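Asker: Construct the entire structure; sequences and hints are all you get.
Chains as they are written, first to last, in the working numbering: chain D, 30 to 536; chain W, 30 to 536.
Just so you know, the hints here were simulated from the structure itself, not pulled from any lab data. Just so you know, these numbers come straight off a predicted model, no measurement behind them. Not one of these hints is a red herring.
It does not matter which identical chain is meant; a pair holds if it fits inside one copy or across any two.
The calculated lysine to any residue pairs, modelled on SDA-like cross-linking and capped at a C-alpha distance of 25 Å, are:
no.	residue 1	residue 2
1	97	126
2	332	234
3	221	235
4	332	458
5	97	125
6	221	447
Protein chains: 2
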Amino acid sequence: MSTHTPEIETVVAAAAAAAPVFAATEATDRARALVGVADALEAASADLVEVAMRETGLSAARLNGEVKRTSVQMRLFAETLVDGAYLDARIDHADPAFVLGSRPDLRRTHIPLGPVINFSASNFPFAFSVLGGDSAAILAAGCPVIVKAHSGHPKLSDATGKVAQDALKSAGMPDGIIHVIHGREAGVKVLKDPRIKAGSFTGSIGVGRLLADIAAARPTPIPFFGELGSVNPVFITGASIAERGDEIAAGFLSSVGGSAGQLCTKPGFVFVPESSNLAESLRAAAAATDAAEHRMLDPRIAKSYSERRDAITTTQGVTSIVSGGLRFDDEGHGWATPTVVAVSLADFRVGAGALLDEAFGPLSVVVSVPEGTDLAALVPEFYEGNLTGTIHLSSAEATGTTENAPALRALANQLARQVGRVLFNGWPTGVAVSPAQQHGGPWPVTSNDSSTSVGNAAIGRFIRPVAFQDAPEAFLPQQLRDDNPLGVPQSVAPAGESHSWGTGLGN
Amino acid sequence: MSTHTPEIETVVAAAAAAAPVFAATEATDRARALVGVADALEAASADLVEVAMRETGLSAARLNGEVKRTSVQMRLFAETLVDGAYLDARIDHADPAFVLGSRPDLRRTHIPLGPVINFSASNFPFAFSVLGGDSAAILAAGCPVIVKAHSGHPKLSDATGKVAQDALKSAGMPDGIIHVIHGREAGVKVLKDPRIKAGSFTGSIGVGRLLADIAAARPTPIPFFGELGSVNPVFITGASIAERGDEIAAGFLSSVGGSAGQLCTKPGFVFVPESSNLAESLRAAAAATDAAEHRMLDPRIAKSYSERRDAITTTQGVTSIVSGGLRFDDEGHGWATPTVVAVSLADFRVGAGALLDEAFGPLSVVVSVPEGTDLAALVPEFYEGNLTGTIHLSSAEATGTTENAPALRALANQLARQVGRVLFNGWPTGVAVSPAQQHGGPWPVTSNDSSTSVGNAAIGRFIRPVAFQDAPEAFLPQQLRDDNPLGVPQSVAPAGESHSWGTGLGN
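Answerer: See below:
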C-alpha cells in the first residue's frame with residue numbers, strides 16, 4: 030500500500046509507533062531530554078560547525094552563534110514544559126446550580142498531535158534545521174519529528190540527527206522520535222501519509238504554498254505551518270533622520286548586509302520623506318564601513334539574487350545609493366556586498382510589479398515619499414502580510430504628543446494588522462528567542478498565522494485541546510488533577526459563578 | 030470587479046470598513062455590547078420562538094431553552110473579555126545580559142482577524158445560528174460577522190439579525206459588524222472575497238469539506254473552522270451494566286431520542302460485552318417511557334434519515350432492540366421515535382461500510398463484543414475523529430484498581446487521541462457552555478482541531494498574535510502596558526532569567 034521506499038516506510042512506521050509512547054512521557058522527562066540534546070549539540074559543535082562551513086559558506090563565528098541559539102532554544106522549551114502554562118489546563122467544577130441546568134465536572138488540557146514532518150531551511154543550518162525551532166517545539170509538544178533535510182547541508186543534517194538520536198536515547202526517550210530524510214519527493218510522500226498529523230516548513234512562498242495545498246487536500250487534512258517570504262517595510266520619519274540620521278543609516282546597512290541579506294527579516298523597503306537626507310548618510314556609512322564580501326549560501330540562491338538585483342536596478346526610476354557588488358567565483362558561488370537603491374513613490378507605484386517581490390540577498394529599496402502622504406495607507410497599497418514592520422521615531426514623536434501622533438498611531442495600527450512584529454527604532458534582523466517573540470504573520474508570510482515559529486509559543490502549533498467530563502481521578506491526566514502534582518497553572522471555574530456572568534457590566 | 034450582487038457587495042464592504050473601527054473598541058465596551066445583545070435576545074424571545082416553531086418544528090420548551098443558552102453564551106464571552114486571559118499578554122523586559130546578546134523589550138498579545146463569514150446550522154436555530162456560539166466568539170474577538178443563514182429558518186435568521194443590529198447600535202458599537210445573508214452561492218462568494226479573513230461552519234462533512242477546500246484554495250488562504258459530523262462511540266463495561274443496567278438503558282434512550290436525534294453529539298454506537306443484558310433493559314425502558322413522536326427539522330433531513338435507517342436496519346446481521354418509528358405527514362414532515370438496533374462485532378466488521386456513516390436522527394447501534402476484545406483497538410479500527418467518546422464504568426472500575434484497569438486506561442487514552450471530549454458515566458448530548466468545554470476534534474469532526482466551537486476558548490479562533498518591540502508606551506495596546514490599566518493577566522519574563530533556562534533539570 031505504501032508508496033514510500035523501504036527506508037522511508039521504516040521511518041514513518043517508527044514515528045507512528047513511537048507517537049503514543051512519546052506522548053505519554055512526563056513533561057519534566059521530556060524537558061530533561063531537551064536539555065540533554067542541547068548539551069550534546071554544544072559538545073559536538075566543533076565538528077558540526079566544520080561540516081556546516083563546508084556546506085554553506087557561512088562563517089565560523091556566525092555558525093557558532095547559531096549553535097548557541099539552537100541550544101538556548103532547546104533549553105527555553107525545557108523551561109516551557111516545566112512551567113506547564115502551555116497546557117492551558119482548565120477545570121470547571123461540577124455545578125448543580127449552573128444557569129443552564131446541572132453542569133458536569135469538565136477539565137480541559139492539550140495533547141500532542143502525533144508525528145510531524147518538518148521541512149528545514151537553507152539559511153539557518155542549525156537554528157531552522159534538524160534541531161531548530163520547529164523540531165524543538167515539535168519534540169517539546171511530545172510529537173515525533175521527521176525532518177526533511179535541506180539539500181544545502183545534507184551531511185550536517187545527518188550528523189545533527191545522529192547527535193539528537195543519541196542524546197534522546199541517553200535521556201531514556203523512546204526510539205523513533207527524530208529522523209532525518211532527504212529528497213523533496215520523499216518529503217512530499219511523507220506529508221501525504223495518513224500517519225503524519227502536521228507539517229512545518231521554512232522557505233519560499235512558492236514551495237510553501239505547494240506544500241500547504243498538499244496538506245489541505247489530503248483525504249484527512251492536517252495543519253501546515255509554513256514560514257515563507259517577507260520584505261519587512263520600514264518607515265522613518267523626517268524628525269528621526271534629523272535627530273540621528275547617521276546612526277539610522279549605519280544600522281540599516283548593517284541589517285541589510287548581515288548574513289548577505291539572506292534573512293527573512295531583512296528590511297527590504299524603507300520609506301523616508303523626500304526632503305530627508307538619509308541617502309547622504311547611507312553613502313557616508315557605506316564608504317566608512319567598506320563592507321566585506323559575504324559568500325551567498327549556494328549558487329542557486331546567488332543566481333536567483335543576481336536576477337532579482339538586475340530586475341530591480343534596471344527598473345524605471347530606480348537610482349543607486351550604495352552600489353554594492355555581486356561576483357561569481359570559479360565554483361559558481363556568489364559573493365555579495367550590500368546594494369541600496371532609491372525610487373520615488375510615484376515611480377515605485379509604476380514599477381511595483383518588478384520591485385515588490387522579495388530579493389533574497391543584501392539589497393534594499395529606499396522609497397522617497399512626498400510630504401503629507403498617508404503612510405498608513407501605503408501598507409495595504411503595497412503589501413499583504415509581513416513578518417515585521419518598523420517605525421523610526423524621534424524622541425519627541427515617541428511621546429505620542431507631537432502633531433503627527435495620530436498619523437503615526439494609524440501607521441502602527443495598520444502595521445499591526447499586516448505583520449507579526451511591529452518594531453520601533455530598531456531593525457528587524459536578529460530575532461530574539463523569547464517568550465513574547467512573534468515570528469509569523471498574515472499570508473504570504475505564513476500559511477497559518479495562528480502562531481509563531483520562534484519563541485516558546487511555537488509549541489501551540491503541535492498540540493490540540495481535549496476535555497474530560499466527570500473523569501474519575503484515576504483516569505485524569507496529571508495536569509488536571511485537583512492535587513496538581515505537576516504544579517502547573519490551572520484555571521478553575523468554581524460552581525455557582527454562572528448566574529453572575531455579565532451582570533457586573535450593565536448596559 | 031466584485032462578483033457579488035449589489036446587496037452582498039454592500040454587506041461585505043460595510044464589514045470591511047467596520048473591521049478596524051470595531052477592532053479598536055475597548056474589550057469592556059464590547060463586553061457591555063454583548064450583554065446588551067443577550068438582554069435584547071431574551072426580551073424578543075416570545076416573538077422569535079414563535080417564528081422558530083413555525084420554521085423548524087422544534088418545541089417551545091426546547092426553543093426557549095435554546096434562547097437561554099444563546100444569551101448565556103453571550104454573557105460568558107462578556108466575562109471572557111473582561112477577564113482578558115484570552116489575550117495571552119506576554120511581556121519580556123529588555124535584557125542587556127540575555128544569553129544570546131542584548132534582548133529588546135518584547136510584548137505580545139492577540140488582535141482580531143477581521144471580517145468572518147459564519148455558515149449557521151439547521152439544528153440549533155438559536156445556539157448555532159445568527160447569534161450562536163460562533164457569532165458570539167467572532168463578535169467578542171472584535172471581528173465583524175456575516176452570517177449565512179441556514180435555509181431551514183430564514184425568517185428567524187433575519188429577525189434575530191435585526192435584534193442584534195439594534196442592540197449593538199444602542200451599545201455604541203460601529204455599524205456593519207453583523208449582517209445576515211441568504212443563499213449558498215452568495216455565501217461561497219463571500220468566503221472567496223479577499224476582504225474576508227476567516228470562516229466558520231456547522232453542518233455536514235460533505236459541505237464542510239467543500240467550504241474548507243474553498244478557503245484553503247483562495248489566493249490568500251484563510252482559516253476555516255468547520256464543525257462537521259460525529260457518531261460518538263460509547264463503551265459500556267459488563268460490570269457497570271451489572272451495577273446499574275436499567276439506569277444506563279434509560280439514559281441511553283433519552284440521549285438518542287432527544288431533539289429527535291438531530292444532535293452532533295448523539296451516541297451513534299454503543300459497545301457492550303456480548304454476555305451483558307443491556308438489550309433487555311433497553312426494551313424495558315422503551316416500553317416504560319412510551320417515547321413521544323418528534324417532528325424532524327425539515328423534510329429533507331427526514332428523508333435522508335429514512336434512507337440511512339433503512340440501510341442500517343437491512344444490513345446483514347442487524348437485529349432490532351427498540352423498533353422505533355418514522356412516519357411522514359401530508360406536508361412531507363417526518364415524525365420519529367427512537368430506534369435501537371443490535372449487531373455482533375463480527376457482523377459489524379462485515380457491514381461497516383453500510384453502518385458507520387452518521388444517521389442524523391434518533392437511531393443508535395449496539396455492538397456486542399466478545400469477552401477479551403481489545404477495546405482500545407476498536408476505536409481506530411472503526412473511527413477517525415469524533416466529538417466525543419464515552420466510557421461507562423462500575424464504581425469499582427472507577428477507582429482504577431481493578432484487574433481490567435490497564436485496558437480501561439488504554440481505552441481512555443485512545444479515545445483522547447481521537448475525540449475532543451472523553452466522558453465517563455454520562456451521555457454526550459447536552460454540551461455545557463463553560464470555560465473547560467471542548468467541542469471539536471480530529472478530522473472529520475472538524476476541519477481544524479486547534480480549537481472548540483462551544484465554550485469561551487472558541488474566541489481563540491478569531492484572533493492572531495502580534496508582538497511589539499521597543500514600543501514607546503504611547504504606541505502600546507493597553508493590555509501590554511506596564512501599568513496594566515485593563516488589569517488583565519500578564520506573563521512577564523524579567524531580565525536575567527535566560528542564563529538559567531534548563532539548568533534546574535540536569536540530565
